[in-house]
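Participant: Sequences listed follow chains A and B, in order.
The first sequence begins at 1 in this note's numbering and counts up by one.
The second sequence begins at 483 in this note's numbering and counts up by one.
Some, not all, of what chain B presents toward chain A, calculated at C-beta under 10 Å: (1) Ile-496; (2) Thr-497; (3) Ala-515; (4) Thr-536.
None of these hints come from the bench; they were simulated from the model.
Just so you know, even glycine gets a beta-carbon here, dropped at the ideal spot from N, CA and C.
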Amino acid sequence: MDGETKMTRPLDEIPVEVSLYQKSDKIYPREVQGRFASLRSISVWGLLAVYYITPWLTWNNRQAVLFDLPDRQFYVFGITFWPQDFFFLALMLVVAGLSLFFFTAIAGRVWCGYACPQTVWTEAFIRMERWVEGSRAKQIKLSKQAWNAEKLRKRFSKQFLWISFSLFTGFTFVGYFQPITVLASDIASFDVAGWPLFWTLFYALATYGNAGFLREQVCKYMCPYARFQSAMFDKDTLIVAYDSSRGEPRTRGKKRTTELIDGGDCVDCGICVQVCPTGIDIREGLQYECIACAACIDACDTVMEKVGCDKGLIRYGSLATERGANISLYQTLFRPRVLIYGFILLSLITGLITALVLRPEFQTDILRERNSLYSFTQDGRIQNTYTLRLINKSQRDSTYYISIKGLTEAEIQVVKGGSALGAKTLRSNAIAPGEIGDLVVSINVLPSTLNKMVTPFTFEVSDSVELTTTIVEESKYWAPKQ
Amino acid sequence: MTEQELSKTKLNIITAAWIGFLSASIATSLFFATFDPLTLVEIATFPVPMTRTTVYSLGFLCFWALLLVNTIVTLWMVKRR
Numbered sequence: 001m002d003g004e005t006k007m008t009r010p011l012d013e014i015p016v017e018v019s020l021y022q023k024s025d026k027i028y029p030r031e032v033q034g035r036f037a038s039l040r041s042i043s044v045w046g047l048l049a050v051y052y053i054t055p056w057l058t059w060n061n062r063q064a065v066l067f068d069l070p071d072r073q074f075y076v077f078g079i080t081f082w083p084q085d086f087f088f089l090a091l092m093l094v095v096a097g098l099s100l101f102f103f104t105a106i107a108g109r110v111w112c113g114y115a116c117p118q119t120v121w122t123e124a125f126i127r128m129e130r131w132v133e134g135s136r137a138k139q140i141k142l143s144k145q146a147w148n149a150e151k152l153r154k155r156f157s158k159q160f161l162w163i164s165f166s167l168f169t170g171f172t173f174v175g176y177f178q179p180i181t182v183l184a185s186d187i188a189s190f191d192v193a194g195w196p197l198f199w200t201l202f203y204a205l206a207t208y209g210n211a212g213f214l215r216e217q218v219c220k221y222m223c224p225y226a227r228f229q230s231a232m233f234d235k236d237t238l239i240v241a242y243d244s245s246r247g248e249p250r251t252r253g254k255k256r257t258t259e260l261i262d263g264g265d266c267v268d269c270g271i272c273v274q275v276c277p278t279g280i281d282i283r284e285g286l287q288y289e290c291i292a293c294a295a296c297i298d299a300c301d302t303v304m305e306k307v308g309c310d311k312g313l314i315r316y317g318s319l320a321t322e323r324g325a326n327i328s329l330y331q332t333l334f335r336p337r338v339l340i341y342g343f344i345l346l347s348l349i350t351g352l353i354t355a356l357v358l359r360p361e362f363q364t365d366i367l368r369e370r371n372s373l374y375s376f377t378q379d380g381r382i383q384n385t386y387t388l389r390l391i392n393k394s395q396r397d398s399t400y401y402i403s404i405k406g407l408t409e410a411e412i413q414v415v416k417g418g419s420a421l422g423a424k425t426l427r428s429n430a431i432a433p434g435e436i437g438d439l440v441v442s443i444n445v446l447p448s449t450l451n452k453m454v455t456p457f458t459f460e461v462s463d464s465v466e467l468t469t470t471i472v473e474e475s476k477y478w479a480p481k482q
Numbered sequence: 483m484t485e486q487e488l489s490k491t492k493l494n495i496i497t498a499a500w501i502g503f504l505s506a507s508i509a510t511s512l513f514f515a516t517f518d519p520l521t522l523v524e525i526a527t528f529p530v531p532m533t534r535t536t537v538y539s540l541g542f543l544c545f546w547a548l549l550l551v552n553t554i555v556t557l558w559m560v561k562r563r
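In isolation and in its complexed conformation, chain B is listed as follows:
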């Protein structure tokens, strides 16, 4: 079935997304077990009123995005070496 076919690049991105997801979960739980988002929001350089849920969610998504970019760039560079 053509609809089921996945190219190598797509599979690489999905794999990077999945491993990044796992790592981001660990990073998020470690980070927010140590720091209470409400305290962070209070002492932030640019204080923005945000609820804990918002900070957790944004924190997770940021970790994930960073890890994803990191993996994809690494993969690309290793391939081009």
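Just chain A, same shape as in the assembly:
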């Protein structure tokens, strides 16, 4: 088949198998100092500190941030989230996504350069590598030299650091999902349960693979954001740009002194390429590999200072300013795209906070007894049994008052978890903050008062005797066929 199709086409249309993936050599980013490098350091160390310290914080005698999956409760400082609150999580994810849009529209890929976990952990791994193996030149030399005691020692130390750091990262990750102090003592006594151990190793492997091995290839080939971020860009978005009108033609060495009149400011030292963590040449224009870390800006500024030219040959700019437009910061911030993203973001955050504040302090689920729809008491009444699952979302011990509406002459028996408080009212036992209490109740009704197989009725649940906040839960009462 293939052969036939090829024969009918003109020669120049025959597709040639081209590998779209270049063989990627390891990139050794050169160390760089400057404004943006310091900013990135602050961001990287700050975020790492937040990640590693957060699980160790305590709040009201429990872990402050704990996504307790085994107990199906998420603790975030004073707030407890239940599976029923999944809506909040979804909303938070939407807010996070929109923030990404918002900041991308203003400042381009700041997320990539300063806050993405891929960048943060890669940076940490690069620092460790540099600490053991030395500068870029030393690293390249080491990788080229034959194996000897020195290379073995350095490579071993590097791997030891990387692997320990990865394992600690994995341990911390699992510590967000089950109490980290318990996990730590389990590990210390070599008695970790299967799954926590599995996920620790899994996450450690992922950290090692992403930050130690794959690095910029994650951004180049695997990251969806890198592919679609251009949709949020416009001519006013901040990008890292090389001023080609000033820099070209590039001249280096003796030429600069002899033919200075025609030469551009770029001395073609190649340092901007050496410092780039994704290994691109920014002088070729904006590329999707650029994570806007601004390492090349710092590097170029240093060189420009040395050769006595103005800084800013490579700088943060926008397409519009690069084309010569004079745009103020006000114009950059208050343009429709930013305003629309900003407005949606602000409404969502307001909605989220309002919903959190107005969240009811308790919740009730009514579960019917599964095994039988109804039974009979000794005195000939029909009996239906219900479990009222009372979820205390408040921060104090609470007792709940329940009244039953819609059944005539019903007789109520509390089986478990509370006491009767009059003919049609019940009181639950006190339930601790963040806990669930089950109140099991049987409702007995004379067959003569029911004229249908299924009679709808309601439980009205309140967290005070005065019945100020009341939740109405509907349920059904089953009787035998008349």
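Since chain A is already given, all that's left is putting chain B on it; use the hints.
Facilitator: Just chain B now, kept in the frame of chain A:
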């Protein structure tokens, strides 16, 4: 460095694994926010005593494996079309 080279196929699988990982996370959280593993275990066709952590973990791995197979087969078929 030869140790750093990745072939196209390997890169495809890694990409599929990563996107599948993200999707599986979403699927797992949606699914288990709706259904309590303990209830599922109770009413399962073949009831097996399992803890919540086990069910979450197996659930995630199953979602991931399915998505991975799905992506790789799709990639392969699109390429062979």
